[in-house]
Each structure stands twice: as structure tokens, then as C-alpha cells.
Amino acid sequence: MRVTFPHMGNLWLGLKTALRELGHEVIVPPKPSKRTLTLGSQYSPEFACLPLKINLGCFLEAIEKGADTIIMAGGVGPCRFGYYGAVQKRILEDLGYNVDFLIFDPPQGRWKEFINDLKRVGNGKPVYKIFSALLFGIKKLEVMDELEKLGHKIKAREINKGDTMHILEKTLHRLDDASSYKEIKKTKKEAIEELLSVPRKNIDPIRVAVTGEIFVVLEPFVNMEVENELGKMDVEVERTLYITDWVKEHLVPSLRGIRKHKLLEEMAKPYLSHFVGGDGQLSVASAVIYARKGFQGMVHLMPFTCMPEIIAQSILPRVSKDLSFPVLTLVFDEHTGKAGVLTRLEAFVDLLRRKREVVKV
Amino acid sequence: MKVGIPRGLLFYHYYPMWRVFLEEIGAEVITSPPTAKEILDLGTENSQDDVCLPVKIFFGHTLYLADKKVDYLFIPRIVAVEKEAYTCPKFLGLPDVIRSTLSDIPPVIDATVNVKKKDKSPLKAALEIGRKFGVPLNKIRSAYESSCQALWEYRRLMLKGLTPDEAIDVLFSGKKVEKKESGDIKIGVVGHPYNVYDRFSTLDMLGKLKNMGAEVITGEMIRQEDIEHHAEFLPKRLFWSYERDIVGSAFYLIHTKKVDGIINVVSFECGPDSLITELIQSEARRQGNFPIMVITLDEHTGEAGLLTRLEAFVDMLRMRKR
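Protein chains in written order, with the working numbering: chain W, 1 to 361; chain C, 1 to 322.
Because the hints were derived from the structure by calculation, they are not lab data. Model, not experiment: these values are computed from the prediction. Each hint should be verified, as a subset may be incorrect.
Said to hold, decoys possible - Facing chain W, a subset of chain C residues (Cβ under 7 Å, in silico):
#1 Q48
#2 Y86
#3 G93
#4 V97
#5 D104
#6 S146
#7 P235
#8 K236
#9 F239
#10 E269
#11 G271
#12 S274
#13 L275
#14 E278
#15 S282
To be verified - The calculated lysine to aspartate or glutamate pairs, modelled on EDC-like cross-linking and capped at a C-alpha distance of 16 Å, are:
#16 C/K179 <-> C/E166
#17 C/K236 <-> C/D110
#18 W/K269 <-> C/D110
#19 C/K160 <-> C/E181
#20 W/K34 <-> W/E334
#21 W/K89 <-> C/E84
#22 W/K248 <-> W/D145
#23 C/K257 <-> C/D184
#24 C/K236 <-> W/E113
Positions of the beta carbon are idealized from the N, C-alpha and C atoms, including for glycine.
Using the sequences plus the hints, can you model the full thing?
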């Protein structure tokens with residue numbers, strides 16, 4: 001089978017690695033682009049959220065490149081994401097494409113299908129081999145996440161804007177090629193050295209948290225590279241969610257994960273005392289957490305018509321007011337233009353700078 | 001003690017139940033009047049742009065009641081009404097959104113109903129509310145039982161072909177059940193009750209269809225077992241209860257050809273609707289191009305445009321019948 005999957009930030013790196021280890025022919029869809037978005041929007045329901053449209057665009061582009069099997073995560077609500085696979089399958093069928101969908105929902109009694117799908121992904125390999133393939137893929141993602149975290153600190157201070165970005169991109173491809181843990185380790189070490197040798201200014205940057213719906217936060221094409229743009233304005237970014245958090249939460253629930261969850265619920269409670277699906281509660285909790293951490297502000301990213309984030313967006317103004325913590329919500333859809341996003345970011349950063357100066361005086 | 005029930009969102013699903021319960025535990029129930037321009041304006045001015053029209057309308061009703069000096073607002077948090085499904089995320093956060101956005105409103109009764117959890121059953125919610133007002137346990141229990149009966153009676157009346165408003169009139173004003181008029185064509189109207197039955201936001205679509213001589217069948221007039229059965233045709237169990245009912249009703253009408261065509265009413269930007277409308281339309285196409293029309297509502301929907309579309313659809317159905 002010639003297998004593909006949707007893009008979400010660096011997710012492809014881990015999935016490609018794991019599937020390749022299992023002996024599959026992997027067709028990574030082209031990086032999301034204007035074309036992906038156009039193709040996806042053309043065949044998606046008008047008010048579906050951006051992730052669905054980009055996913056569908058990715059599938060169409062991967063099918064062009066010969067993919068015949070799609071791997072997709074599912075879910076049981078209440079966020080729409082859980083039903084994407086079912087709808088996308090129907091759309092592709094109606095368009096006349098004959099592709100297999102392996103949608104991984106929580107089994108909920110349908111164990112037979114679930115195990116069948118798992119077996120197909122496992123490609124006849126023993127269970128331990130499947131695990132080790134997955135762990136190898138996750139390891140690469142972990143390294144990339146760590147480097148990006150460091151990168152955010154450097155980006156805000158670098159003298160030649162773009163240096164950090166360049167190193168991270170180069171590392172991403174070197175990690176893709178890495179075929180052993182040793183190679184991963186070596187790549188990581190070298191990348192850290194390179195990052196630390198980037199010429200930097202000695203400044204105390206404004207610190208901004210970036211939060212919101214995970215797909216928009218993790219996919220730079222969709223969010224108009226908001227993190228990079230902030231870096232160019234000498235702003236230090238801390239992202240509230242990373243791809244490995246998501247993978248781990250869905251694959252290997254841990255005690256630490258549960259504790260973290262409890263903490264988030266606790267923080268959001270005075271404003272939003274119930275989960276609302278997706279990352280809505282996280283967005284509200286993040287405002288509380290980062291206000292306490294002494295950050296200057298928060299950028300909240302969401303896809304147009306995203307239900308959980310609309311709840312968060314409705315509540316954030318109150319949190320912002322109570323904690324005197326500026327929050328900028330940016331809503332993305334296929335009509336969003338980069339210039340508009342940049343203008344709003346610049347205005348927001350100006351506001352944060354002025355606010356900090358006033359406090360200092 | 002005056003408790004206000006806003007006439008929006010889940011009102012059309014549960015009003016008789018809520019009202020009977022609250023009255024039997026000794027509250028005076030104040031219900032906001034049918035949506036009107038002032039109520040919509042109140043709502044749109046005081047809510048976020050990105051929330052859907054029904055939520056904006058709900059904000060309007062809430063503010064209307066706050067202005068009437070009720071002691072409490074009744075806005076329960078309906079999380080799950082069946083084990084395998086949720087409601088839309090907006091219902092999960094509704095009391096919080098209301099409290100965060102509107103200041104100076106009366107306290108909100110926000111008991112949670114989540115049948116996935118034992119301690120969040122509707123009965124537990126009823127007990128919580130009753131205890132809050134110091135009502136004796138046996139009285140709360142009997143009030144809860146009457147409220148369940150009222151809900152069954154309400155649903156039974158709608159199965160006879162009454163709209164929720166008509167059924168509420170029969171239940172509370174002692175009106176007689178009127179015989180349903182028939183028409184030369186039958187049209188199924190499917191969508192959220194808070195859209196379909198809000199005469200203001202739909203610009204009285206049901207009345208307009210009736211005036212054109214069409215007989216209307218809505219989702220609430222279809223038996224639950226038929227809805228469940230036809231919802232099984234979905235490729236994967238839908239995890240929103242109310243939306244599953246809408247798909248089940250639409251599939252039932254498409255598969256059985258009980259109507260000549262279907263109007264699917266949705267609100268602009270509605271998340272769940274965006275997916276289920278796709279599924280309903282695709283099913284209609286697959287079943288021999290069954291006639292279907294999607295009407296999207298928002299606060300800018302114009303009367304003339306809507307009327308033209310309804311007329312064209314009705315004409316088309318009549319022509320097909322000949």
C-alpha cells in the first residue's frame with residue numbers, strides 16, 4: 001500500500017519515520033501551500049473549519065502522487081475533528097476516488113475493525129517492532145520540539161533575522177534522513193551548537209505565549225508563520241502545545257499527562273469550568289498561567305468557525321480584563337491575508353512594549 | 001422567587017419539563033417572549049461576532065429577562081443526553097460564556113446534565129436545584145416525575161404533527177389539539193429546533209410554506225425509533241445527539257420518500273451543521289437526486305430573498321409531481 005496522512009506541523013517527520021520502519025511506501029503530501037488550500041476549500045463544506053480543508057487538500061495532492069491509503073486519527077467528539085475522516089471519505093468517494101481510509105477512533109467495542117486496521121499499519125511485523133517504530137518516530141519529533149523551544153529564545157535575539165529558521169529547517173531534513181538513535185543524538189548536538197553560535201543581541205525581549213487550536217498553532221503555513229514574525233519583532237515566543245504532547249496524550253496516557261490536565265482544568269475553572277472539546281479549555285487556562293508567569297501577552301489562534309475556540313474567544317476578554325493581560329485573537333480561514341495578520345501583530349507588540357515601559361516607569 | 005427561562009437554544013427541546021419542575025418546586029417561571037428585533041439586537045450587540053445566530057438570540061433573551069428583574073436565570077449545562085454522544089461544544093460552555101460576557105445579570109442556575117456520569121444525571125441536577133432552594137426531598141422527586149411526564153406529553157403532541165409552540169399552548173393554555181391541514185405537496189423541514197421554530201430568525205418560514213399550500217413535516221414529528229434506525233446508515237456513529245437526530249430525520253424522509261422534498265435549515269458558521277449538511281446532501285444525491293434545499297440563516301437574512309427561494313422550491317416540487 002502507498003500510504004499517506006494529513007499534515008500538521010512536523011507530524012510528518014514522525015509518521016514517515018515510523019511507517020518507513022514498518023516497510024511501507026510512504027507518500028508525504030507536499031507541504032501545505034496555496035494550492036492545497038484552494039483544492040481543499042473547493043471540495044469541502046463551506047463552513048467546515050480550516051483543518052478539514054487543508055487535510056482534504058493534502059489528501060488530493062497525495063493521491064496525485066500515487067497514494068492509495070490514508071491514515072487518519074478519529075475521535076468521539078465533541079470537536080468536529082473526530083468526524084473528519086468519515087466526511088472526507090464520503091467527499092473523496094463522491095469525487096470518484098477509490099482510496100482506503102484507516103481511521104483510528106477509540107475502538108468503543110468495534111475491536112475487530114480496530115485491530116484489523118492496526119494490523120494493516122503493522123504490515124505483518126510483530127507488536128514489539130510496531131512499538132519500536134513508533135518510538136523511533138516520536139524520538140525525532142521530541143528532538144525537533146526541543147530544538148524549536150530553544151529556537152524561540154534565539155529567534156527573538158538573533159541579529160540576522162532568519163539564521164535560526166535556517167538551522168531548524170536544515171536539521172529537520174537531517175532528522176528525516178537519520179536511521180539510528182545515534183544519528184539523531186549527533187544531529188541534535190550539532191543543531192544545539194549551531195543555534196547557540198547564532199550572533200545575538202543582548203536584550204530583554206517581550207515574552208508572548210502562543211496558544212489556541214492545535215492545528216493552526218502547529219501549522220506555520222496556516223498561521224502565516226506567526227511565531228517567526230514575532231521573532232522578527234524581537235519577541236520571545238512560548239508555544240503552549242507541541243506535537244509530542246499531542247502524540248503522547250493520544251498514544252501513551254501518562255500520570256504526568258493526567259496531572260498536567262488537572263492543573264489546566266484548575267487554572268481555567270474560574271472562567272470555564274467544563275471541557276468544551278478540542279483545545280478550548282487550554283486556551284483559557286493558558287491566559288491564566290502565562291499572566292502569572294509574567295509574560296506580557298498572549299496570541300490566541302483559531303480556525304474560523306472552530307466551536308471550542310469560539311467558546312474560549314468569548315471568555316478570554318474577561319480573563320484578559322481581570323488579569324490585565326492583553327490577548328490578541330487571530331481567526332484564520334482561506335480568505336485570511338498575511339498583511340492583515342502582520343498589521344495586527346505589530347500593533348499588538350507595540351501595545352505590549354508601551355505597557356511594559358509604563359509599568360517600568 | 002422568579003426564575004427566567006430564555007426562549008432560545010434548548011428551549012424547544014425541554015421547555016415543558018423545565019417549567020413544570022420549577023413551578024412544582026415553588027418558583028414563578030418567567031419566559032421571555034418570542035424573538036423580536038429588539039431581542040436579536042440586544043443579543044448581537046452583546047456577544048462575540050463569531051458565535052452562531054442562535055447563541056446571539058439566546059444572549060438577547062437572557063438580557064431581556066435580566067432586565068425583567070428575575071431572581072435567577074435558568075441556563076443548565078447540557079453536556080450529554082445519551083451515553084455515546086455529546087451536545088455541541090457551545091452547550092458545554094454556555095453558562096460560562098454568558099457569565100463572562102454579560103455583567104450585571106442575575107445568578108445563573110447552571111446545573112450540569114451529563115448522562116455519561118452517574119452523579120450528573122438529570123435527576124441529580126433536579127435534586128441539586130431543589131436543594132439549593134431548600135425544597136424537601138420528596139417534593140423535588142415528585143416535581144421531577146411530573147416534569148418527565150410533561151416532557152413525554154410534549155413529545156407525544158409533536159408526534160401528532162404539532163409544532164413546539166402549538167404543543168406548549170395545548171399543555172399550558174388548555175387549547176384543543178387542532179387537526180393538521182394537508183397540502184398537495186409535502187415538505188420535510190429538518191434542522192435544529194431553535195432555528196426551525198424561531199419565527200423571527202426564519203422569517204416565519206413554516207408559515208410561508210403553509211401559505212403556499214405545502215404540508216410541513218419536521219424532525220420532531222418523526223418517531224424516535226425511525227430516526228435512530230435511519231441514523232444507522234451513517235458511516236460512523238455521530239457523536240452529537242441533536243445533530244444525529246437531524247441526520248436521522250433527513251435520512252428517514254429521503255429513504256422512505258414520505259415527502260416530496262426537504263429543506264435543511266442551518267445557521268451561518270454552525271460547526272456541526274457544516275458536517276451533517278454535507279452528509280445529508282450527499283445522501284440525497286445518492287438516492288436519485290432527491291430534492292433538497294439548504295437555507296442558511298444569519299442576522300442579515302432578507303425576507304424577499306427567502307420568499308423567492310421557497311417559492312421556487314415549492315414550484316419545482318409541484319412540477320416534478322405532475
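Structure-based check of all given hints:
This hint holds: C/Q48 has a C-beta 5 Å from the nearest C-beta of chain W, less than the 7 Å allowed. With 7 Å as the threshold, the beta carbon of C/Y86 comes within range of chain W, its nearest partner Cβ sitting at about 4 Å, so the hint holds. With a least beta-carbon distance of about 4 Å to chain W, the hint placing C/G93 at the interface is held under the 7 Å criterion. Interface restraint check for C/V97: the shortest CB-CB distance to chain W comes to about 5 Å, inside 7 Å, so the restraint holds.
For the restraint placing C/D104 at the interface with chain W, the shortest Cβ-Cβ distance is roughly 13 Å, beyond the 7 Å limit, so the hint is violated. Annotation: interface hint on C/S146 violated; nearest CB of chain W at approximately 29 Å, more than 7 Å. Interface restraint check for C/P235: the shortest CB-CB distance to chain W comes to about 5 Å, inside 7 Å, so the restraint holds. Interface hint at C/K236: satisfied, since its Cβ lies 4 Å from the closest Cβ of chain W, which is below the 7 Å cut-off.
Because the beta carbon of C/F239 sits about 3 Å from the nearest beta carbon in chain W, less than 7 Å, this interface hint is met. Of the supplied interface hints, the one on C/E269 holds, with its beta-carbon coming within about 5 Å of a beta-carbon of chain W, less than 7 Å. Hint status for C/G271: holds, given a least beta-carbon distance of 4 Å to chain W, under 7 Å. Of the supplied interface hints, the one on C/S274 holds, with its beta-carbon coming within about 4 Å of a beta-carbon of chain W, less than 7 Å.
For C/L275, the suggested interface contact is upheld, since its CB lies about 5 Å from the closest CB of chain W, less than 7 Å. The restraint placing C/E278 at the interface with chain W holds, with a minimum CB-CB distance near 4 Å, inside the 7 Å limit. With a cut of 7 Å, the hint placing C/S282 at the interface with chain W holds, because the nearest CB-to-CB distance is about 5 Å. For the suggested pair C/K179 and C/E166, the alpha carbons sit about 12 Å apart, so the restraint of at most 16 Å is met.
A distance of roughly 32 Å separates the Cα atoms of C/K236 and C/D110; the hinted pair therefore is violated under the 16 Å criterion. Restraint check for W/K269 and C/D110: the C-alpha separation of about 14 Å stays at or below 16 Å, so the hint holds. Proposed proximity of C/K160 and C/E181 is supported: the alpha carbons are some 12 Å apart, at most 16 Å. Note on W/K34 and W/E334: the hinted pairing holds, with a Cα-Cα distance of about 9 Å set against a maximum of 16 Å.
For the hint pairing W/K89 with C/E84, the CA-to-CA distance comes to about 22 Å; that exceeds 16 Å, so the pair is violated. Between W/K248 and W/D145 the CA atoms are separated by roughly 13 Å; this keeps the pair inside 16 Å, and the hint holds. About 15 Å separates the Cα atoms of C/K257 and C/D184, which keeps this hinted pair within 16 Å; it holds. With a C-alpha separation of about 12 Å, the suggested pairing of C/K236 with W/E113 holds against the 16 Å cut-off.
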